[in-house]
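Just so you know, we're using my numbering here: the sequence shown kicks off at 1 and counts up by one.
These aren't lab readings, by the way, just hints derived from the structure by calculation. Among the hints, erroneous ones may be present.
Taking CB as the label site, the calculated pair distances span [stated by the list, open to error]:
(1) N239 with A281: 21 to 29 Å
(2) R348 with E313: 20 to 28 Å
(3) N122 with F92: 29 to 37 Å
(4) A265 with G62: 46 to 54 Å
Heads up, the beta-carbon is just placed ideally off N, CA and C, and yes, glycines get one too.
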Amino acid sequence: MSNPRVFAVDLGTTKTVAISAVLNDQGHVKVESVASFPCTGMVKGQVRDKDAVAVSIDRALGRVEAEVKERAENVVVAVGGKGVTSQRKQAFVPIVPAGRVVRRQDVHQVLGHSRQVRIAENCELLLAAPAEYRIDGNRVHGQPVGHNASRLEVTTNLVMAERQDILAIKEVIAAGGRHAETIVPEALAAGLGVVNTEASEATAIVVDIGGSVTNVAVFEGGNVCHLGTAPVGAWHVTNDVAQLLRIEFAEAERLKTSHGCAVAASIGPDDVVQVVQSDGASRPMQRRVLAEIVESRMKEIASLALAIVADAELESWPRTGIVLCGGGSLLPGTEELFSRATDGRKARTAHPRVAGGHTRDLGVPQMATVVGLAKHALAGHDEEFVPVSAQTGWQDTVRSLKSLFGAR
Numbered sequence: 001m002s003n004p005r006v007f008a009v010d011l012g013t014t015k016t017v018a019i020s021a022v023l024n025d026q027g028h029v030k031v032e033s034v035a036s037f038p039c040t041g042m043v044k045g046q047v048r049d050k051d052a053v054a055v056s057i058d059r060a061l062g063r064v065e066a067e068v069k070e071r072a073e074n075v076v077v078a079v080g081g082k083g084v085t086s087q088r089k090q091a092f093v094p095i096v097p098a099g100r101v102v103r104r105q106d107v108h109q110v111l112g113h114s115r116q117v118r119i120a121e122n123c124e125l126l127l128a129a130p131a132e133y134r135i136d137g138n139r140v141h142g143q144p145v146g147h148n149a150s151r152l153e154v155t156t157n158l159v160m161a162e163r164q165d166i167l168a169i170k171e172v173i174a175a176g177g178r179h180a181e182t183i184v185p186e187a188l189a190a191g192l193g194v195v196n197t198e199a200s201e202a203t204a205i206v207v208d209i210g211g212s213v214t215n216v217a218v219f220e221g222g223n224v225c226h227l228g229t230a231p232v233g234a235w236h237v238t239n240d241v242a243q244l245l246r247i248e249f250a251e252a253e254r255l256k257t258s259h260g261c262a263v264a265a266s267i268g269p270d271d272v273v274q275v276v277q278s279d280g281a282s283r284p285m286q287r288r289v290l291a292e293i294v295e296s297r298m299k300e301i302a303s304l305a306l307a308i309v310a311d312a313e314l315e316s317w318p319r320t321g322i323v324l325c326g327g328g329s330l331l332p333g334t335e336e337l338f339s340r341a342t343d344g345r346k347a348r349t350a351h352p353r354v355a356g357g358h359t360r361d362l363g364v365p366q367m368a369t370v371v372g373l374a375k376h377a378l379a380g381h382d383e384e385f386v387p388v389s390a391q392t393g394w395q396d397t398v399r400s401l402k403s404l405f406g407a408r
């Protein structure tokens with residue numbers, strides 16, 4: 001059996017990250033090469049400057065291609081921003097004759113029915129993932145194939161994205177002579193990058209605090225049941241510091257990363273930091289003042305993220321609590337802030353795990369999305385991909401996501 005190489009690209013607010021990966025003999029994601037290049041063409045998860053993004057992609061992928069000595073003809077990439085939405089759709093099929101064993105064809109049929117939903121003219125269906133199966137009204141854990149039944153039901157999570165966002169991503173990839181083979185919701189990719197097999201079997205909530213947006217993915221029973229995006233991220237924290245202290249953005253970023261904290265009460269009144277003014281002069285300031293600015297925006301991020309979680313209508317809160325990732329999760333006090341926002345429930349910062357010689361570069365929270373993209377692509381020929389029409393494109397498939405969590 002061949003071991004295909006995949007190329008994944010994460011389009012971030014400040015940089016583009018590209019990797020090449022394969023599955024090793026143990027079935028773990030092995031990253032062969034990683035490269036990044038600055039980019040300012042992405043705003044709130046959407047392409048705003050096509051030329052800038054295209055150049056960044058070409059430079060990052062070019063470095064990866066040079067190292068592995070292979071052209072990246074096909075690329076897996078994420079789409080995010082406010083245009084990505086999700087909704088649930090239920091469907092059923094009768095099993096004839098009643099009581100016979102459910103076959104794969106029955107599953108294909110009911111999944112196809114669940115996908116038939118009116119979509120806004122400016123949107124495209126990005127992903128259809130079964131969230132739950134029921135046989136004769138009773139929930140089934142795992143695949144329903146092999147069970148005796150009279151009626152097969154499914155609840156499918158449908159993820160849509162605005163057509164202009166999808167086209168923009170295809171264009172910036174194509175500018176370098178490459179093809180966007182698969183486009184994955186950014187929130188899903190981040191979740192796949194950090195959620196382990198054990199957590200996925202129950203329920204997991206992933207909050208990816210990026211530069212300009214915060215993506216939320218809710219998994220239940222190994223399947224994605226809800227996705228959402230809040231239009232605020234770590235950039236907004238820095239901007240608040242710059243505006244309120246009337247300093248340059250670069251100085252605000254330095255203060256945030258070096259001295260910022262999401263819980264102001266944890267900072268003593270005698271803790272002082274030096275602030276460099278726009279004229280170059282330096283002045284002392286209580287660190288708690290900085291933390292109060294940071295905490296205010298981080299509370300908003302937590303509130304918006306938890307509102308998205310509430311929309312998932314979970315039956316119970318997951319034992320794993322909230323899994324944090326993305327560059328914004330590195331801010332001290334973020335775990336405590338989210339724990340307080342959820343009445344003391346657990347919140348932890350997660351790190352992607354990969355094999356190969358790039359574990360130091362990729363084993364950090366801000367690399368969750370690109371690792372998840374590679375994992376998704378490497379499982380792309382898994383048998384759980386189910387065609388729901390006569391076409392074979394990635395938009396015409398429905399899949400269970402359980403196998404992806406095991407691809408460590």
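So which of the earlier hints does this model not fit? none
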